[in-house]
Amino acid sequence: TQLLEQSPQFLSIQEGENLTVYCNSSSVFSSLQWYRQEPGEGPVLLVTVVTGGEVKKLKRLTFQFGDARKDSSLHITAAQPGDTGLYLCAGAQSGGSNYKLTFGKGTLLTVNP
Amino acid sequence: NAGVTQTPKFQVLKTGQSMTLQCAQDMNHEYMSWYRQDPGMGLRLIHYSVGAGITDQGEVPNGYNVSRSTTEDFPLRLLSAAPSQTSVYFCASSLADNTDTQYFGPGTRLTVL
Numbered sequence: 041t042q043l044l045e046q047s048p049q050f051l052s053i054q055e056g057e058n059l060t061v062y063c064n065s066s067s068v069f070s071s072l073q074w075y076r077q078e079p080g081e082g083p084v085l086l087v088t089v090v091t092g093g094e095v096k097k098l099k100r101l102t103f104q105f106g107d108a109r110k111d112s113s114l115h116i117t118a119a120q121p122g123d124t125g126l127y128l129c130a131g132a133q134s135g136g137s138n139y140k141l142t143f144g145k146g147t148l149l150t151v152n153p
Numbered sequence: 004n005a006g007v008t009q010t011p012k013f014q015v016l017k018t019g020q021s022m023t024l025q026c027a028q029d030m031n032h033e034y035m036s037w038y039r040q041d042p043g044m045g046l047r048l049i050h051y052s053v054g055a056g057i058t059d060q061g062e063v064p065n066g067y068n069v070s071r072s073t074t075e076d077f078p079l080r081l082l083s084a085a086p087s088q089t090s091v092y093f094c095a096s097s098l099a100d101n102t103d104t105q106y107f108g109p110g111t112r113l114t115v116l
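Order-wise, the sequence lines are chains U and D. As numbered in my numbering, residues 41 to 153 make up the first sequence, in order. As numbered in my numbering, residues 4 to 116 make up the second sequence, in order.
Don't read these hints as lab results, they were simulated from the structure. Small disclaimer: the values here were computed from a predicted structure and weren't measured. Keep in mind that a hint or two might mislead.
Computed footprint of chain D on chain U, listed as stretches where at least three residues anywhere in the stretch have a Cβ under 8 Å from a Cβ of chain D [to be verified]: (1) 57-63; (2) 67-76; (3) 106-120; (4) 140-150.
Ideal Cβ placement from N, Cα and C applies to all residues, glycine included.
Could you put together the complete structure from these sequences and hints?
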């Protein structure tokens, strides 16, 4: 089983602060997805990164895929209360079957006004 | 498009009862999957299907059955519910495989007494 470790597990910050969430593994993934989940709803895809070293920006969110494709980070600049939610990373299994995603346990972010 | 729909939204069962969680998608996606989400455990794959008539086990398949008679529907059956199956269940679909965007349903919150 390929494990994805997310840190921190919980994060509570004030509006306007910056933060970084990490997703690490000892295994190589062919691609990595980041999702955000709000209470009572299913996860919604934010971004997919596929190339080692790739950086993608989505407004105030910056996603990076490690050079070795074993880790990823999500950086939020000037966090807002609307960013509150559970952030999940998910790695696509490389080699063999392409039909499984491995999810991290998530980072629960609370942005206080 | 309605996307991915799940019914029921909430369900309470007694130990030993059986039930079927319904999942349907109207996006003509080939790949569908079932996950359970437990506190501190993240999303864990139960079963998945890569097309009509084809299913396979995920990480935690015991106690669950699935079938895929049509592209649109992917029901999850609990044959004899146990308290350990208390969880939130999510169905997801994607166009081709796990490198594609996963579209999640709103979830079913199941409690087994």
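Checklist line | Index of numbered hints that the structure contradicts, given in increasing order | finding: The structure conflicts with hints 1, 3, although it agrees with all the remaining ones.
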